[in-house]
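Engineer: Construct the complete structure from the given sequences, taking the supplied hints into account.
Going line by line, the protein sequences match chains F and Z. Start counting the first sequence at 1; every next residue gets the next number (this note's numbering). Start counting the second sequence at 1001; every next residue gets the next number (this note's numbering).
These are computed hints drawn from the structure, not numbers from a lab. Treat the hints with care, since some could be wrong.
[As the list claims (entries may be wrong)] With a cut-off of at most 20 Å between alpha-carbon atoms, the simulated SDA-like pairs for lysine to any residue come out as follows: (1) Z:LYS1227 to F:ARG240; (2) F:LYS198 to Z:PRO1179; (3) F:LYS198 to Z:LYS1124; (4) F:LYS155 to F:ILE236; (5) F:LYS155 to F:PRO179; (6) F:LYS198 to Z:THR1178; (7) F:LYS198 to Z:THR1238; (8) F:LYS198 to Z:ALA1103; (9) F:LYS198 to Z:GLU1163; (10) F:LYS198 to Z:ARG1104; (11) Z:LYS1124 to F:VAL242; (12) F:LYS198 to Z:SER1045; (13) F:LYS226 to F:THR238; (14) F:LYS198 to Z:ASP1037; (15) F:LYS198 to Z:LYS1227; (16) Z:LYS1227 to Z:MET1189; (17) Z:LYS1226 to Z:THR1238; (18) Z:LYS1124 to F:ALA214; (19) F:LYS198 to Z:THR1180; (20) Z:LYS1198 to Z:ARG1104; (21) F:LYS155 to F:ALA169; (22) F:LYS124 to F:TYR208.
[Said to hold, decoys possible] Here are the computed distance ranges between Cβ atoms for each label pair: (23) F:GLY212 to Z:HIS1215: 33 to 43 Å; (24) F:GLY118 to Z:ASP1037: 31 to 41 Å; (25) Z:ASP1037 to F:LYS155: 47 to 57 Å; (26) Z:ALA1199 to F:LYS227: 48 to 58 Å; (27) F:GLY172 to Z:GLN1017: 45 to 55 Å; (28) Z:ALA1103 to F:HIS215: 11 to 21 Å; (29) F:GLU176 to Z:GLU1065: 53 to 63 Å; (30) Z:SER1087 to F:SER87: 25 to 35 Å; (31) F:ASP55 to Z:SER1093: 18 to 28 Å; (32) F:PRO78 to Z:ALA1199: 53 to 63 Å; (33) Z:ARG1064 to F:GLU176: 53 to 63 Å; (34) Z:ASP1020 to F:ARG88: 31 to 41 Å; (35) F:ALA165 to Z:GLY1212: 50 to 60 Å; (36) Z:ALA1214 to F:HIS215: 28 to 38 Å.
[Claimed, not checked] A few chain Z residues facing chain F, derived, Cβ under 10 Å: (37) ARG1090; (38) PRO1094; (39) LEU1114; (40) THR1115.
No residue lacks a Cβ here, since even glycine has one placed at the ideal position from N, Cα and C.
There are 2 protein chains.
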Amino acid sequence: MASNDLSPGPSGPSGPQRADGGPVRVLVVDDEPDITDVLSRMLRSEGWAVAAAADGRAALELAREFRPDAVILDMMLPDLDGFAVLSRLRALSPEVCVLFLTARDAVEDRIAGLTAGGDDYVTKPFSLEEVLARLHGLVRRAGVTRRTERPGLLKVGDLELDEDAREVARGGEPVELTPTEFELLRFLMRHPRRVLSKAQILDHVWSYDFGGQAHVVELYISYLRKKIDAGRAPMIHTVRGVGYVLRPGAR
Amino acid sequence: MASNDLSPGPSGPSGPQRADGGPVRVLVVDDEPDITDVLSRMLRSEGWAVAAAADGRAALELAREFRPDAVILDMMLPDLDGFAVLSRLRALSPEVCVLFLTARDAVEDRIAGLTAGGDDYVTKPFSLEEVLARLHGLVRRAGVTRRTERPGLLKVGDLELDEDAREVARGGEPVELTPTEFELLRFLMRHPRRVLSKAQILDHVWSYDFGGQAHVVELYISYLRKKIDAGRAPMIHTVRGVGYVLRPGAR
DNA sequence: TGAACTTCTGTGATCCCTCTGAAAAGGGGT
DNA sequence: ACCCCTTTTCAGAGGGATCACAGAAGTTCA
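Structural biologist: Spelled out as structure tokens, the structure:
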């Protein structure tokens, strides 16, 4: 209840770090202030350095001095076509990696061809966890981030989640999860030992336009428990009146 | 009400401090004078710099020169919609963090979704401790406050309370608490060695519209004693005719 | 197109947290 | 010692929160 997000843990800033030790720089480009706002805040709270622009012109200007490592780029901009922005961004700094935001039906078209270059895309409406996960994948593949123990592998107790392979295992035993279950578990595993409210979970795991009740969270928690805690010492604990915690050891 | 404020202790102002050493600045916006009044008093007595406004127009004007680090914003204002105020506040200073006040049934609607940005909300009726805890969490995560040893961890003697994990331990031994017990203990631990009257406790831990008697305080104190002082040297002491103290060592 | 699967809603049952009321225990003063 | 007042403890009603189950709606894939 109390805390609402994702602050860097007690062990210091847990956000992505560049090889030079500074935070990874990301530029958010979208004409809807709600979107840039929520993305900027979340990314900042996750330890990224963030700049935001509302149209293509501003984005290009900003990119020139902000020198982002990555760009989150809406393909529907008021002034310039997303592709125009893209090509000029690339002219400016060829190394930058791009995460496209696009409407669901526009995907098949031409976006698919772009991902071949190592970039990636997310369809609107998206969930924050999805954006975060893709962005992480992008900069990791691009070699921007400092090499850590084993990137893309989350471990909590004997529970392992591989973000790249999308595989989950408890005590070496593989576990099959549906997409939503996977996202929920990833969110829990990225914030272990920390009580997460249903509202927080809803905000991060479900799409931003999801109008549903907190009830779905309870439902999916129960699904996860059946698959992950079945028979073993439970790792998902409910904190009555507050939310849920993922806790490794006993208790 | 007024008599139940907590002034800064003899050890000087213990309130939050900005990285520059000054007090954290918070703007309270609510159209009910009772609310702004009680919040302002409490926050001031906790060492914050406070300004208050009764409607959106005044809030925006005030924000321009007061330059708050955080805003407590009622979503039901007489003139402007809370969301309108929010977006203009953001336009003014994007870094500001916001704690929303909202009716219980309005939550599911649109407030959820805001917590994703790192902001937070509290439903009316609220308790002062709840507001304070959330506000603390917000500015801590926003990196406004000076970094202390381990944020979110309260220690008194061998008693520890982790606000993030919502865990309590006495002498390393974990203790299970219900939500109300937890809030009560947090309040006590935030003001150790200080006699707190039942009225003060009632005002801070219970919702402001709670009509009940001081009897519940005695009841919950007894619950806490059973769980925390059981067998050990007691830390919760009764000051007859006055209230209770939480004291670490002997005596 | 049909079958399998995933996601979400609704209902009811259960648990346990909160608070009330009353009785018991304790303190302090005369 | 006695009485009065405060504090503590006990027992239980009520209600909110959580969970389990079933099924409808939507999606994916062959």
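Engineer: Hints first: check each against the structure and report whether it holds.
Structural biologist: Going down the list of hints, with the structure as the test:
A distance of roughly 18 Å separates the Cα atoms of LYS1227 of chain Z and ARG240 of chain F; the hinted pair therefore holds under the 20 Å criterion. Proximity of LYS198 of chain F to PRO1179 of chain Z is assessed by CA-CA distance (about 16 Å); at most 20 Å being required, the pair is judged to hold. With a C-alpha separation of about 18 Å, the suggested pairing of LYS198 of chain F with LYS1124 of chain Z holds against the 20 Å cut-off. Straight-line distance between C-alpha atoms of LYS155 of chain F and ILE236 of chain F comes to about 14 Å, which keeps the hinted pair within the 20 Å bound.
With a CA separation close to 19 Å, the supplied pair LYS155 of chain F and PRO179 of chain F stays within the 20 Å bound. A hinted pair counts as satisfied when its Cα atoms are at most 20 Å apart, and LYS198 of chain F with THR1178 of chain Z qualifies at roughly 18 Å. The hinted pair formed by LYS198 of chain F and THR1238 of chain Z fails the criterion: a straight-line CA distance of about 38 Å is larger than 20 Å. In summary, the hint linking LYS198 of chain F to ALA1103 of chain Z is supported, as the alpha carbons are separated by about 17 Å, within the 20 Å threshold.
For the given pair, LYS198 of chain F sits about 17 Å from GLU1163 of chain Z by alpha-carbon distance, which is consistent with the 20 Å threshold. Only pairs whose Cα atoms come within 20 Å are accepted, and LYS198 of chain F paired with ARG1104 of chain Z is accepted, the gap being roughly 15 Å. With a C-alpha separation of about 16 Å, the suggested pair LYS1124 of chain Z and VAL242 of chain F falls inside the 20 Å cut-off, and the hint holds. For a cut-off of 20 Å, the pair hint linking LYS198 of chain F to SER1045 of chain Z is broken: about 32 Å separates their Cα positions.
The suggested pairing of LYS226 of chain F with THR238 of chain F holds, with an alpha-carbon distance near 14 Å, which does not exceed 20 Å. With a C-alpha separation of about 31 Å, the suggested pair LYS198 of chain F and ASP1037 of chain Z falls outside the 20 Å cut-off, and the hint is violated. Distance check on the hinted pair: LYS198 of chain F and LYS1227 of chain Z sit about 28 Å apart at the alpha-carbon level, beyond 20 Å; violated. Annotation: proposed proximity of LYS1227 of chain Z to MET1189 of chain Z holds, straight-line Cα distance about 15 Å (limit 20 Å).
Between LYS1226 of chain Z and THR1238 of chain Z the CA atoms are separated by roughly 14 Å; this keeps the pair inside 20 Å, and the hint holds. Restraint check for LYS1124 of chain Z and ALA214 of chain F: the C-alpha separation of about 19 Å stays at or below 20 Å, so the hint holds. Between the alpha carbons of LYS198 of chain F and THR1180 of chain Z the distance comes to roughly 19 Å, so the proposed pair stays at or under 20 Å and holds. Of the pairs offered as hints, the one joining LYS1198 of chain Z and ARG1104 of chain Z is violated, with about 27 Å between alpha carbons and a cut-off of 20 Å exceeded.
Straight-line distance between C-alpha atoms of LYS155 of chain F and ALA169 of chain F comes to about 10 Å, which keeps the hinted pair within the 20 Å bound. About 9 Å separates the Cα atoms of LYS124 of chain F and TYR208 of chain F, which keeps this hinted pair within 20 Å; it holds. The hinted range of 33 to 43 Å is satisfied by GLY212 of chain F and HIS1215 of chain Z, whose Cβ atoms lie roughly 40 Å apart. Hint check: GLY118 of chain F to ASP1037 of chain Z, Cβ distance near 57 Å, so the stated range 31 to 41 Å is violated.
A hinted range of 47 to 57 Å for the beta carbons of ASP1037 of chain Z and LYS155 of chain F is consistent with their spacing of about 50 Å. Taken as a hint, the range 48 to 58 Å holds for the pair ALA1199 of chain Z and LYS227 of chain F, whose Cβ atoms sit roughly 50 Å apart. Under the hint 45 to 55 Å, the C-beta atoms of GLY172 of chain F and GLN1017 of chain Z, about 48 Å apart, fit the expected range. Between ALA1103 of chain Z and HIS215 of chain F the C-beta distance comes to about 20 Å, which sits within the given range of 11 to 21 Å.
In this structure the hint that GLU176 of chain F and GLU1065 of chain Z lie 53 to 63 Å apart at CB holds, the actual value being about 58 Å. The hint said 25 to 35 Å for the Cβ distance between SER1087 of chain Z and SER87 of chain F, and at roughly 32 Å that hint holds. For ASP55 of chain F and SER1093 of chain Z, the hinted distance range of 18 to 28 Å is satisfied, since their beta carbons lie about 22 Å from each other. With their beta carbons about 57 Å apart, PRO78 of chain F and ALA1199 of chain Z fall inside the hinted range of 53 to 63 Å.
Between ARG1064 of chain Z and GLU176 of chain F the C-beta distance comes to about 55 Å, which sits within the given range of 53 to 63 Å. Distance hint check: the CB atoms of ASP1020 of chain Z and ARG88 of chain F are about 39 Å apart, consistent with the given range 31 to 41 Å. In this structure the supplied range 50 to 60 Å holds for ALA165 of chain F paired with GLY1212 of chain Z, their Cβ-Cβ distance being about 55 Å. Between ALA1214 of chain Z and HIS215 of chain F the C-beta distance comes to about 37 Å, which sits within the given range of 28 to 38 Å.
Taken as an interface hint, ARG1090 of chain Z checks out: its beta carbon lies about 6 Å from the nearest beta carbon of chain F, inside 10 Å. Hint status for PRO1094 of chain Z: holds, given a least beta-carbon distance of 8 Å to chain F, under 10 Å. Interface restraint check: LEU1114 of chain Z against chain F, minimum CB-CB distance 8 Å, threshold 10 Å, status holds. Among the interface hints, the one on THR1115 of chain Z holds; its C-beta lies about 5 Å from the nearest C-beta in chain F, closer than the 10 Å criterion.
Checked against the numbered hints given earlier, the structure breaks hints 7, 12, 14, 15, 20 and 24 and satisfies all the rest.
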